[in-house]
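Number of protein chains: 2
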Amino acid sequence: MKKPVEVCLSPLSLGLYSLSGKIVVVVDIFRASATIITALANGATKIKAVSTVEEALDFQKRGYLAAGERGGRKVEGFDLGNSPLDCTPNVVGQKPVVLTTTNGTRSINASMSAKAVAVGSFLNISALVHYLKSSECPILILCAGWKDFVNLEDTMFAGALIEELGDDCIADSDSSKLALELYRKHRNDILSFLRDSDHARRLIRIGYEKDLAYCLSRDSFPINAMVIDGEIVAVG
Amino acid sequence: MKKPVEVCLSPLSLGLYSLSGKIVVVVDIFRASATIITALANGATKIKAVSTVEEALDFQKRGYLAAGERGGRKVEGFDLGNSPLDCTPNVVGQKPVVLTTTNGTRSINASMSAKAVAVGSFLNISALVHYLKSSECPILILCAGWKDFVNLEDTMFAGALIEELGDDCIADSDSSKLALELYRKHRNDILSFLRDSDHARRLIRIGYEKDLAYCLSRDSFPINAMVIDGEIVAVG
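Chains as they are written, first to last, in this note's numbering: chain R, 867 to 1102; chain G, 867 to 1102.
Heads up, a few of these hints could be off.
[What the hints assert, rightly or not] Computed list of lysine to aspartate or glutamate pairs in EDC-like fashion (alpha-carbon distance at most 16 Å, straight line):
1. R:K981 / R:D1095
2. G:K1013 / G:D1064
3. R:K869 / R:D1038
4. G:K1051 / R:E1047
5. R:K1051 / G:E1047
Bear in mind the hints are in silico, worked out from the structure with no lab data behind them.
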């Protein structure tokens, strides 16, 4: 059966969509999605997404590794920033992580009333597509954006996901088409096109250029990251 | 001097942008923009944009022609709907018009704190570009969207306007690029691409297919439509 797929281009617009009965795929390409997938693939036991630095520090006291950023930079007192490259097995293996970021973790928490919440990234896109195809639930792709602005990288990924879902989905709303058109135009030069996006330029300026290519690499990890009992865990 | 140009993809996001000192170009391609430009080009003396049917009926009592739609259809008791094709010289000539639409008139009224407010449509794009190039003010293109959703046709026009402004402007934010990429991909098949957009399908369904090509025709009228003293008038 063909499933409807919608694209919400910014968390500011989330109130326009019903979450009931849907799988929400939260997308924060630069970089929370990649950090979550990498940490779980490299052995982190679970990831708690929180909205504030204070909450993260509370979890840190209870044994979680505190990870996250404000303005792209690691928060003072945290164990890790929001760079997926820091989430090596010897750092995150067998440990719970608490993560707070400017956009991604807020979007995850805003989606909790959905039937299921998955994290979408290029690093696990094939595993994600396999999971989405195996379910009968309609899908809402939620682009985390940047401080409520629409951004290019999350819109690009929404388009890539719709393309990969192919005939299994119906994605004929305007925002879905906008995402698909962007992806189809730049599928062969994603990194060079997105290097010039607002947030990529911000990350390059503060020394995280290497993260860009990493966040856009495909299918590094055959796992899904799903919210279960309020925390994100690896599935599959 | 190069002027910054920003694109606000939906009125829901307008609060993210400063209006101070800027020219706001309000864009509602299907169909308020075209209706306003056509009515003024065909002799309407001025157009008052209002948000509610009740306000429009009040102005009607004071001698204005009442025009507008709800759900795309003409409102009961109004003289006109929101079809630009109805705004012929014998209907609108020498008369003031009051207009209320689902999206466009709300966006015009939400922009009133800007330095200037212009209406943007394909019908007057060259005149608009000439005016924008002659000013030194930064520009905010406000896409009226559909009930706060981002739509394809207004985003397409934002891209067309940025393309026409060319080297006179700096439009390097993500939303500007998204608009420009869409326009560049479909500049040669705008009508066939937009025929399948959400609102075009709605208009076709209720009998307004002819309006689509009309709203996308270029440079039918060499005028600008500017808000002056709270009403929209023809300039140039």
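Quick rundown of the hints versus the structure:
As the CA atoms of R:K981 and R:D1095 are separated by approximately 12 Å, the hinted pair is consistent with the 16 Å bound. A distance of roughly 12 Å separates the Cα atoms of G:K1013 and G:D1064; the hinted pair therefore holds under the 16 Å criterion. A distance of roughly 11 Å separates the Cα atoms of R:K869 and R:D1038; the hinted pair therefore holds under the 16 Å criterion. At most 16 Å may separate the alpha-carbon atoms for a hinted pair to count; G:K1051 and R:E1047 meet this at roughly 8 Å.
Of the pairs offered as hints, the one joining R:K1051 and G:E1047 holds, with about 8 Å between alpha carbons and a cut-off of 16 Å not exceeded.
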